[in-house]
Amino acid sequence: MLDAIPARRFSAAWYLAACALFAAGSASAQSDGYVLFLDRYLSGDYYYAPLGDVDAQNPQQIRPRRLRMPSAFRRSTEIGNADVSPDGSTIVFAARRTDDYDWDIYTGTLDFSRNRIRNPQLLIRNAGTRDEDPRYSWDGGAIVYKCAGNICIYPELYPNPVVISWCELWAPSFSPTGFEISYVKRCGAGDSDRVWEYDLTRRSESIVPHANEGPDRFPFYLDDGRIVYSHLDNDSGQASLWVNDTGYVSLLHERTRSDDDPYPDKTDRNHIAFIGWNDRSNFYDLYMYRMSSSDSVRLSRGTPVLGPVLFRR
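Positions 348 to 660 (the working numbering) are the ones given, in order, by the sequence shown.
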């Protein structure tokens, strides 16, 4: 299964025990906040920017810096969704060779002093399948990802895939404890998208309720275990952010008519990055939702933003 790194098989008991040790410990929050994003799907580049004081009345707009990759790598690959390790040192991302349909998962070292992604290495490759949507666990010790329409974990668990379905499963993420995984299940057309949750201890899944008709997408856990996701209303065609709290769903935010790609700050529960469509520029802007004041601010102008990732270093 793994070409670049020797495959290791871990039991679910070992993995859950490791997660429990992590949850019992305390991690110190780092002070400097950043955002990483993709400006275009496939042919784009990764960018990052310091965030500054996003709680100010009029926060400073981000000044993105392009993260260059080795030219030989970029000439032969197209890139997709990414995540950043909790310590801000490593990127994990999906990519495919331009002469190959298969998506694989790579890692690279983030060199902010030179604005580069160094030494991109193949991490996960399953011949003839698509491996996408990688997300780090909250302690950085594991990666959950979409594998041929199912959900897998690296380092490899037994059984792996951990979630199998005849439907397409995508956009997985770990809970803070690592005991649960959220993901989108698509059983038919795109309007069938629903958020589901899988319990690794019980090996069982359950659907996250939804209040209105329309697809639910891009789930991500908050640090208290709630799930934030994007909901698209069938009647209005507008997207908004919703929250699931132990089976009760409620509207969190609706401003841009296209609130999408939510990504909570894992060390500061007050902030959730998301994107909103800009009719004038015809691309997505970056927004930050601030829980303490129940409002949001736009942080970008003139720069397309897709898949924002918050991290600290």
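By construction, these hints were calculated from the structure, which means they are not laboratory data. Since we're looking at a predicted model, the values are computed, not measured. Note that CB positions come from ideal geometry on N, CA and C, so glycine has one too. Warning: the hint list may mix true and false statements.
Here are the in silico distance ranges between beta carbons for each label pair [as the list claims (entries may be wrong)]:
#1 Trp624 x Arg550: 34 to 44 Å
#2 Arg421 x Tyr448: 43 to 53 Å
#3 Ala474 x Pro417: 38 to 48 Å
#4 Phe420 x Arg616: 35 to 45 Å
#5 Gly572 x Arg421: 23 to 33 Å
Problem set entry | Verdict for alanine 474, proline 417 (Cβ pair) under range 38 to 48 Å | Because 24 Å falls outside the window, the suggested range is violated.
Exercise. CB of glycine 572 to CB of arginine 421, is that within 23 to 33 Å?
Worked result: Check failed, 39 Å falls outside 23 to 33 Å.
Problem set entry | Verdict for tryptophan 624, arginine 550 (Cβ pair) under range 34 to 44 Å | 39 Å, holds
For this session: Check the following: the C-beta atoms of phenylalanine 420 and arginine 616 are separated by a distance inside 35 to 45 Å.
Result: About 36 Å separates the Cβ atoms of phenylalanine 420 and arginine 616, which means 35 to 45 Å holds.
Exercise. Do the beta carbons of arginine 421 and tyrosine 448 sit within 43 to 53 Å of each other?
Worked result: 19 Å, violated
Taken one by one, the earlier hints fail for this structure at numbers 2, 3, 5, listed in ascending order.
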